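J.: These protein sequence lines are chains V and S, in that order. Numbering follows my numbering, with no gaps: position 151 of the first sequence is 151. Numbering follows my numbering, with no gaps: position 190 of the second sequence is 190.
No wet-lab data here; the hints were simulated from the structure. Quick caveat: nothing in here was measured; it's all calculated off a predicted structure. Each hint should be verified, as a subset may be incorrect.
Identical chains share a label here; the pair holds if one copy fits it or two copies do between them.
Unchecked claim - Result set (SDA-like, lysine to any residue): computed pairs, CA atoms no more than 20 Å apart in a straight line:
| hint | residue 1 | residue 2 |
| --- | --- | --- |
| 1 | Lys290 | Ala24 |
| 2 | Lys231 | Thr72 |
| 3 | Lys206 | Gly117 |
| 4 | Lys206 | Tyr279 |
| 5 | Lys290 | Leu251 |
2 protein chains.
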Amino acid sequence: MTQARFIAGDWGTSRLRLFLCDAAGAVLARAEGPGVAQAGDVCARVLAERAEAWDPAGAPLPAILSGMVGSTIGWREAPYAACPVRASDIARAALRFESEGRAIAIVPGLSCRNPSGVPDVMRGEETQIAGALRLGPELEQGRQLLCLPGTHAKWVLLEDGKVIHFQSTLSGEVFDLLSRHSVLARGSEAGSTDHPAFAAGVALAKTQSQAGLLHLLFSTRSRQLAGEIPKAEAASYLSGLIVSADVAGALALFQAPGPVTLVCTPALGALYGRVLQEYAVPARLIDGDKAAHAGLVALFASLEDLGE
Amino acid sequence: MTQARFIAGDWGTSRLRLFLCDAAGAVLARAEGPGVAQAGDVCARVLAERAEAWDPAGAPLPAILSGMVGSTIGWREAPYAACPVRASDIARAALRFESEGRAIAIVPGLSCRNPSGVPDVMRGEETQIAGALRLGPELEQGRQLLCLPGTHAKWVLLEDGKVIHFQSTLSGEVFDLLSRHSVLARGSEAGSTDHPAFAAGVALAKTQSQAGLLHLLFSTRSRQLAGEIPKAEAASYLSGLIVSADVAGALALFQAPGPVTLVCTPALGALYGRVLQEYAVPARLIDGDKAAHAGLVALFASLEDLGE
Numbered sequence: 001m002t003q004a005r006f007i008a009g010d011w012g013t014s015r016l017r018l019f020l021c022d023a024a025g026a027v028l029a030r031a032e033g034p035g036v037a038q039a040g041d042v043c044a045r046v047l048a049e050r051a052e053a054w055d056p057a058g059a060p061l062p063a064i065l066s067g068m069v070g071s072t073i074g075w076r077e078a079p080y081a082a083c084p085v086r087a088s089d090i091a092r093a094a095l096r097f098e099s100e101g102r103a104i105a106i107v108p109g110l111s112c113r114n115p116s117g118v119p120d121v122m123r124g125e126e127t128q129i130a131g132a133l134r135l136g137p138e139l140e141q142g143r144q145l146l147c148l149p150g151t152h153a154k155w156v157l158l159e160d161g162k163v164i165h166f167q168s169t170l171s172g173e174v175f176d177l178l179s180r181h182s183v184l185a186r187g188s189e190a191g192s193t194d195h196p197a198f199a200a201g202v203a204l205a206k207t208q209s210q211a212g213l214l215h216l217l218f219s220t221r222s223r224q225l226a227g228e229i230p231k232a233e234a235a236s237y238l239s240g241l242i243v244s245a246d247v248a249g250a251l252a253l254f255q256a257p258g259p260v261t262l263v264c265t266p267a268l269g270a271l272y273g274r275v276l277q278e279y280a281v282p283a284r285l286i287d288g289d290k291a292a293h294a295g296l297v298a299l300f301a302s303l304e305d306l307g308e
Numbered sequence: 001m002t003q004a005r006f007i008a009g010d011w012g013t014s015r016l017r018l019f020l021c022d023a024a025g026a027v028l029a030r031a032e033g034p035g036v037a038q039a040g041d042v043c044a045r046v047l048a049e050r051a052e053a054w055d056p057a058g059a060p061l062p063a064i065l066s067g068m069v070g071s072t073i074g075w076r077e078a079p080y081a082a083c084p085v086r087a088s089d090i091a092r093a094a095l096r097f098e099s100e101g102r103a104i105a106i107v108p109g110l111s112c113r114n115p116s117g118v119p120d121v122m123r124g125e126e127t128q129i130a131g132a133l134r135l136g137p138e139l140e141q142g143r144q145l146l147c148l149p150g151t152h153a154k155w156v157l158l159e160d161g162k163v164i165h166f167q168s169t170l171s172g173e174v175f176d177l178l179s180r181h182s183v184l185a186r187g188s189e190a191g192s193t194d195h196p197a198f199a200a201g202v203a204l205a206k207t208q209s210q211a212g213l214l215h216l217l218f219s220t221r222s223r224q225l226a227g228e229i230p231k232a233e234a235a236s237y238l239s240g241l242i243v244s245a246d247v248a249g250a251l252a253l254f255q256a257p258g259p260v261t262l263v264c265t266p267a268l269g270a271l272y273g274r275v276l277q278e279y280a281v282p283a284r285l286i287d288g289d290k291a292a293h294a295g296l297v298a299l300f301a302s303l304e305d306l307g308e
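Pulled out of the complex, with its shape left as it was, chain V reads as follows:
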């Protein structure tokens, strides 16, 4: 039977996912737990309770953890590693300490001055990027634009496998807030790229980008009143507008005409892929969960290469 070698943990604000891994990173067992917002001061205890069942007698397995566990609201703060960085630089900057006899490594977030000229940060996505490089080795070559959609989406420029810089966008959060609280999409069905209104939203934000998203959002309501889009498709229209504005801004900022690699759920991948298509930009998907796991495995391997 394969031997357990280390524990990999994806520990965000709202959820902990632990994986018991062999030396090659294959998953031997899984466990879940509370996010750092709930675990707070007892992160050490939360990890130990789950890990002890996996430890060989008297020899706690090392653990590598990424996500908000390394933030000021997490277990211990792992300071951001400054771009440009390679995956091996990320491993080198990990915060390492011992807890109840267990070697812990917390993956640092990344910081940069973004293409808009202001500071930017990520925490957790750096591990997905390291995983994407492992899962898609061709990303190690040349100039590559990655997109990690989400509440605070990240657009990331790689050059020869190095993270040069990145830009965060609020597309996910703005869509979520407007669809839940505003009058714009009240009474709508859930958003779908299959609705004709979705394509109408994408097209408007593409052709009217100089107006800016603020000036286009109200059309979600006024075009319903004018009978141009059905009420049931309002959320789809709003989603099309917002993701299209996100894509238009990113393409203007990064001037990277090549294909975009999406690292996310298949659903978000389909959404962004469809919008990128309208901009004549090819896209491909790397599953976000697989990337997170591959990233933890790759970063653990880098730590070992550093001589642990």
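Following the hints, position chain S against chain V.
T.: Frame of chain V, contents of chain S only:
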């Protein structure tokens, strides 16, 4: 003593304000009441109860009402008047009927195809525009850009006193939602144009307008983490970013380099005036409440000129 001639009512979603007026529009008495969201099916009763105290014996005074009272959630729907329109056209399109012996006129909203090429609507602001034309007669000359800031702000182009078209922006609602629900400005003081962070937000949205607001919002958080803006000033920064994006979009859409007339509260006027200054565009303020009242008076006079 001056004689009461008519009743003017500003009847929005959340509030009714009634004014007893003489023939010249001077206010003889005031009353308040519930907005249409609450008054619902009993708008007729709500108005009658307040107006009867003012009526001369056996002769109900005519009433002119504007705002959401004319919407599908109001008393009766007053269909939108299509731009381009003059104030006299708005009066002509009023919805007129009798209620318990009282002549009622409900001011219609306006509709247009906006500079972004899609349908747009307003309801209530058309009365403030009519009032602004009364209070600032120089607005009757040439090309004039008006801005009515608010939850759904309106930018309005006048040519020789005629409303040509207008564009709605979601600046007020986006600021409100993000400052209440997002992590961006958590723990901040209330926004103030006096905070240095306000000017920093205005400047970033001005110089980085091609990136689009979605790509700039996260800097509210990341610049706090980097120590570039104090946490206490985060709401000011966010306000600067959003209003600057609103102004940049409007100036691109309307290409009206002349002064902008702001129709709003003094506080919003100071906010927008300060941002317009950064764009080298002069601004002047017409008080929004005064404009709403003057508009009702002007529209009532137009109704009388129509031969009532």
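J.: All the hints need checking, so say for each whether the structure fits it.
T.: For each hint, the structure was consulted:
{"no.": "1", "hint": "Lys290 <-> Ala24", "verdict": "within (15 Å within a copy, 74 Å between copies)"}
{"no.": "2", "hint": "Lys231 <-> Thr72", "verdict": "between (43 Å within a copy, 15 Å between copies)"}
{"no.": "3", "hint": "Lys206 <-> Gly117", "verdict": "between (24 Å within a copy, 13 Å between copies)"}
{"no.": "4", "hint": "Lys206 <-> Tyr279", "verdict": "within (8 Å within a copy, 25 Å between copies)"}
{"no.": "5", "hint": "Lys290 <-> Leu251", "verdict": "neither (26 Å within a copy, 46 Å between copies)"}
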